[in-house]
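S.K.: Heads up: the protein sequence lines correspond to chains A and B, in order. Just so you know, my numbering puts the end of the first sequence at 324, numbered straight through with nothing missing. Just so you know, my numbering puts the end of the second sequence at 648, numbered straight through with nothing missing.
Derived from the structure by calculation, the hints contain no laboratory data. Bear in mind the structure is a predicted one, so any value in this text is a computation, not a measurement. Take every hint as true, because none was put in to throw you off.
Coverage of chain B stretches by chain A, computed from C-beta distances (three or more under 8 Å per stretch; other residues unrestricted):
| hint | region |
| --- | --- |
| 1 | 447 to 461 |
| 2 | 483 to 496 |
| 3 | 546 to 554 |
A few chain B residues facing chain A, derived, Cβ under 7 Å:
| hint | residue |
| --- | --- |
| 4 | Asn522 |
| 5 | Leu525 |
| 6 | Phe537 |
| 7 | Thr542 |
Note that CB positions come from ideal geometry on N, CA and C, so glycine has one too.
There are 2 protein chains.
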Amino acid sequence: MPAALQALASTSSLYLLIVGQPDAIAPYLAKAAPALQQRLRVIPAESVIPNDAKLSHAIRTSKGTSMRIALDLVKNGEAQAVVSAGNTGALMGLAKLMLKPLDGIERPALMTVLPNQQKSKTVVLDLGANVESTSAMLVQFAVMGAVMAEEIVGISSPRIALLNIGEEEFKGLDNIREAAAVLKSTPAINYIGYLEGNDLLTGKTDVLVCDGFVGNVTLKTMEGVVRMFLSLLKSPGEKRKRSWWLKLLGRLIQKRIAKRFGDLNPDQYNGACLVGLRGTVIKSHGAANEKAFAVAIEQAVQAVQRQIPQRIALRLEAILPKSD
Amino acid sequence: MPAALQALASTSSLYLLIVGQPDAIAPYLAKAAPALQQRLRVIPAESVIPNDAKLSHAIRTSKGTSMRIALDLVKNGEAQAVVSAGNTGALMGLAKLMLKPLDGIERPALMTVLPNQQKSKTVVLDLGANVESTSAMLVQFAVMGAVMAEEIVGISSPRIALLNIGEEEFKGLDNIREAAAVLKSTPAINYIGYLEGNDLLTGKTDVLVCDGFVGNVTLKTMEGVVRMFLSLLKSPGEKRKRSWWLKLLGRLIQKRIAKRFGDLNPDQYNGACLVGLRGTVIKSHGAANEKAFAVAIEQAVQAVQRQIPQRIALRLEAILPKSD
Chain A
1 MPAALQALAS
11 TSSLYLLIVG
21 QPDAIAPYLA
31 KAAPALQQRL
41 RVIPAESVIP
51 NDAKLSHAIR
61 TSKGTSMRIA
71 LDLVKNGEAQ
81 AVVSAGNTGA
91 LMGLAKLMLK
101 PLDGIERPAL
111 MTVLPNQQKS
121 KTVVLDLGAN
131 VESTSAMLVQ
141 FAVMGAVMAE
151 EIVGISSPRI
161 ALLNIGEEEF
171 KGLDNIREAA
181 AVLKSTPAIN
191 YIGYLEGNDL
201 LTGKTDVLVC
211 DGFVGNVTLK
221 TMEGVVRMFL
231 SLLKSPGEKR
241 KRSWWLKLLG
251 RLIQKRIAKR
261 FGDLNPDQYN
271 GACLVGLRGT
281 VIKSHGAANE
291 KAFAVAIEQA
301 VQAVQRQIPQ
311 RIALRLEAIL
321 PKSD
Chain B
325 MPAALQALAS
335 TSSLYLLIVG
345 QPDAIAPYLA
355 KAAPALQQRL
365 RVIPAESVIP
375 NDAKLSHAIR
385 TSKGTSMRIA
395 LDLVKNGEAQ
405 AVVSAGNTGA
415 LMGLAKLMLK
425 PLDGIERPAL
435 MTVLPNQQKS
445 KTVVLDLGAN
455 VESTSAMLVQ
465 FAVMGAVMAE
475 EIVGISSPRI
485 ALLNIGEEEF
495 KGLDNIREAA
505 AVLKSTPAIN
515 YIGYLEGNDL
525 LTGKTDVLVC
535 DGFVGNVTLK
545 TMEGVVRMFL
555 SLLKSPGEKR
565 KRSWWLKLLG
575 RLIQKRIAKR
585 FGDLNPDQYN
595 GACLVGLRGT
605 VIKSHGAANE
615 KAFAVAIEQA
625 VQAVQRQIPQ
635 RIALRLEAIL
645 PKSD
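The following block holds chain A by itself, in its conformation from the complex:
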């Protein structure tokens, strides 16, 4: 709720439907400025899908849950996007069932935009919407990533790379090599070859494509390392006695470094987008703080404004062979 009010305050064109238990929402609502209250409606939901629920069970018993109701609002055109910090598997499964993949897309992918060392941004997908991916799916991810890099990051003719365990052509798994062959022979795609995990943040590519298992591991590895560095910066464990001004100065400098590194703080770039569906779905970290959740809402606004699903559909139509 605090994140919702923050997002409403910063985006004047935003209307929010809050799906959840009215009793939990009411205290926040009461404190909100009347101007913000006008762009906010509470939709009551009886229950929540537990975070540890198995996908099939979660879907079977989803009636009346906040997630199901929120997705229904998008399906019926009452809302244009869903933002959820709930059970990732359930969100992806339910969203796919209810919002349906676009023509030419077998399965949606989870995507995020990471800051890179070239002071630009890199689109990375799939981050775990699918455990395994065929070469056709990897090609579809590449097309969706290209549209996102153009529309969201603002890069024309974005470079596309496949994440692999070596840069030589013969390296890697069959599905990756097959996807490489297709991408290479697709003129509308600016395919630049394979990159390795150490290039996640170097900015050598604008779009990095991988299967969901590998994408999940690489993103979470990055998050783990970044969190470790940030925690080290916060508690440097100084044992030697120092004069107060030295300590103060040290803290100032550490703060400045933390600010630079903060770019990669999961709390800042929060919000992965489920792309490939007939609607916008943003997955926020379960542990997202207020600011991070507001970022996720902003991402949804951007995706709706840029008409991402429509643009992906058009691009697919132009590039990919018809499936029927």
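We have chain A; now place chain B onto it with these hints.
M.R.: Below, chain B alone, put in the same frame as chain A:
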């Protein structure tokens, strides 16, 4: 060569056979202290396997190369370990052909030991010796990792985890779930469940097991993020003018932080071990500096002293069902 001399100086029981072009080695040899020269012999090699050589071609044309000659020395008992910074694929392929896997091991795995936030160390494997892994291979990796954690890190009854995209039992790929079932029902293995990429450095486990593709990506992602942080610390890009003492202080603090982070600098922990063969093979980073290569040589010394191959063979015999 400088790394070799450094290693000889620090380990008095070490004898080194340097396989390579004598002309390239001679100038270094001439400058070495006579005491070190006595524990060093140059074995001439005509050629080197190129870094971009395809595995099958590299193996077919390996006769006379430094890598082949070095592995022959181990095979014939003239040396106890090989340390190489050459073509990783060729090293793994040739080593497997020439040194043969231990009984009960289908394929060797590439392993490293990473420092963790609990001030202990985590054994991670496979880092890319195999592109795909069956559940049986993952179980074999777990057993080898346990032996390494006991012998090299000094942990009794080390905790073993499988790297996955969620901690719930039903998550992940079939081979991982099958391996989990086997590990759970093996009393000699202290299996603790799944961990995700963000736990690579948290120290929640002593051994982290994954397939080679995922291991390669997670390790390289970590390296990329660490290198980015270290480079940011080195060149903070100060634009505002500051007095000299403020600058000096800033640099001192950055140095201290860099020292703490240095634990994870690929130059420091360099040296991945190819485990599961009847001999010790250490793979150094291709871009390793002198200090890092010396670390790789020390790892070889340690593996030989702790009789790692023999201990793995014994453990496998005790735990795994006989393959014949």
